[in-house]
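> Sequence:
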Amino acid sequence: MKQQHIKKTSGFLLIEAMVAMSVLLTSVMGVFILMSQSIKLTRTLNDQYVATYLAGEGIEIAKNILDASVVADPAAWNVDNNFHQNGCYALDYASNVLADSCSDMPLSFNGTNYGYSVGGDTSSFVRKVNLALVMDGSTQIGVRVTSTVTWAGGTRTFALEDVFYAWL
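So the sequence shown is residues 11 to 178, counted in this note's numbering.
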């Protein structure tokens, strides 16, 4: 009778081992999937972080050009630098003019800086700075600057906007 009892329970060890292995395998796979998603999210957040600063830099470049114009001739704060017309521009921190029109040309990255004239590898970021006049009747009283950065083939976008008024 003891032999029959051993025969009936001898297969349970194999089933228990298979169940334990499947639970362990499922746990390990869950950890790997979670790590993979975490790495992907980290890359996305890093790109958003860079895009935020590139958009802010676009606003700062426009403000620097406007300030330089005011210092040069306060009466013509918006004339010498194209701040008197609506438009889209590809601004670079190395340039002090709004001469470049918008394009889908990506910024370059040299390991330290992003820009159109820095050399280095082509990045996935494209920055466009749009100017829109702020009018009071027929008088221009300011300019609205919108800096938009796109990346990941144009599927991701980040934009910042600021308004600069004629303060003189």
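Treat each hint with caution, since some may be false.
Claimed, not checked - Listed next, with one range per pair, are the computed distances between beta-carbon atoms:
{"id": "1", "residue 1": "L143", "residue 2": "S48", "range": "24 to 34 Å"}
{"id": "2", "residue 1": "G164", "residue 2": "Y59", "range": "14 to 24 Å"}
{"id": "3", "residue 1": "C112", "residue 2": "V33", "range": "21 to 31 Å"}
{"id": "4", "residue 1": "T52", "residue 2": "G164", "range": "48 to 58 Å"}
{"id": "5", "residue 1": "A78", "residue 2": "V41", "range": "48 to 58 Å"}
{"id": "6", "residue 1": "N96", "residue 2": "N74", "range": "18 to 28 Å"}
{"id": "7", "residue 1": "D83", "residue 2": "S148", "range": "16 to 26 Å"}
{"id": "8", "residue 1": "M45", "residue 2": "W177", "range": "23 to 33 Å"}
{"id": "9", "residue 1": "I49", "residue 2": "I151", "range": "47 to 57 Å"}
It should be emphasised that the hints constitute simulated quantities derived from the structure, not laboratory data. Think of the CB as a built atom: it goes at the ideal place given N, C-alpha and C, for glycine as much as any other residue.
> Indicate, hint by hint, whether the structure satisfies it.
Quick rundown of the hints versus the structure:
1. L143 <-> S48: 24 to 34 Å: violated, 46 Å
2. G164 <-> Y59: 14 to 24 Å: Hint holds: Cβ distance 19 Å, inside 14 to 24 Å.
3. C112 <-> V33: 21 to 31 Å: For V33 against C112, whose Cβ atoms are near 57 Å apart, the range 21 to 31 Å is violated.
4. T52 <-> G164: 48 to 58 Å: violated, 22 Å
5. A78 <-> V41: 48 to 58 Å: holds, 55 Å
6. N96 <-> N74: 18 to 28 Å: holds, 20 Å
7. D83 <-> S148: 16 to 26 Å: holds, 21 Å
8. M45 <-> W177: 23 to 33 Å: violated, 52 Å
9. I49 <-> I151: 47 to 57 Å: Cβ of I49 to Cβ of I151: about 49 Å, so the range 47 to 57 Å holds.
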